[in-house]
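Chains A and B, in that order, are what the protein sequence lines are.
Every number in our numbering is 49 more than the matching position in the first sequence, counting from 1.
Every number in our numbering is 480 more than the matching position in the second sequence, counting from 1.
Think of the hints as simulated: they come from the structure by calculation, not from any bench.
For each residue, glycine too, the CB sits at the ideal point set by N, CA and C.
Worth double-checking, as some hints may not be accurate.
[As the list claims (entries may be wrong)] The following label-pair restraints were derived from C-beta to C-beta distances: (1) T220/A x H557/B: 13 to 21 Å; (2) G563/B x S203/A: 31 to 39 Å; (3) M481/B x A219/A: 17 to 25 Å.
[Unchecked claim] Far from chain A by the CB rule (all over 12 Å, computed), these chain B residues: (4) G487; (5) G488; (6) D513; (7) A560; (8) M562; (9) G563; (10) E566.
Given next are the chains, with one letter for each unit.
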Amino acid sequence: MHPRRPLLLVTAALVGCSGGRSDATAGPPETSSTSTPGSSSESGASATGATDPDAGTTTSVDPTTGAPDTGETSSSGGTSSTGGTSTSGGTSTSGGTSTSGGTSSTGETTSGETSSTSTSGGETGETNGAAELVPDFMLIDVNSNSATYMQPVSPRDYLERVSGWYYAHAT
Amino acid sequence: MQKELDGGFPGLGVDLIGVNGAGHELGVPQMIDGRVIPLLQDTVEVDAWSLWQVEYRDVIIVDRENVPVGVFNLTAHDLADMGEYETLKGMLIDAANK
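Let the hints inform the model, and build the full structure from the sequences given.
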């Protein structure tokens, strides 16, 4: 008789505890995993939306300051930035290439204007993508009618101006 | 075209430059006849043609940051055709207006 009572008590206690644990462990992750995207698209939309373009390239950028994460909100920031990526992934097609542009624009738009952030990121991306200078050289101008006759001329002499370089030779 | 750009769009800041192929120095008098734009004589050592990976009669349009923004080949697009002429001029003006 006596041995049964402690066993029952222990069993009851274990059942009660395990039931509580299973609820406690299973509940919050499911809730958080489903609520995170929802919250990012609702209440957290401004902050996470602003970092959407950046999230694709600079996931460590703090959404409010534009600076690297300090760790204080790293877990929630990481979650929201991931959610932000999926939210605005369709609109910020060129945001993936504009690393520096996206970061700076995020710093400016802390209030969170998703459209303006992604637009500026796209422009920056285009610029960065094509920003390879023509190879430099130095050749002598042999046109006696030209103002730079017999002077060395380089493409870099035409910085701040638009130039058309005609490659030809007399046949 | 240089005179037209300078006269019609003062302050636009567009310059045309010719680059004569290395080994074709004898053709310089023919190329500069009636022209005031610089004509740079390429050399085997510099080989600007290979550096820029151009084809014969390419016009490479370079923006204010020295970045190439367009190519217009005068063999494929004869400037005797006014439409082609205007297209090239438009490309230069567009680059200058950006």
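Hint by hint, here is what the structure shows:
no.	hint	result
1	T220/A x H557/B: 13 to 21 Å	18 Å, holds
2	G563/B x S203/A: 31 to 39 Å	33 Å, holds
3	M481/B x A219/A: 17 to 25 Å	19 Å, holds
4	G487	16 Å, holds
5	G488	15 Å, holds
6	D513	9 Å, violated
7	A560	15 Å, holds
8	M562	18 Å, holds
9	G563	18 Å, holds
10	E566	14 Å, holds
In the structure shown, a violation is registered for the earlier hint numbered 6 alone.
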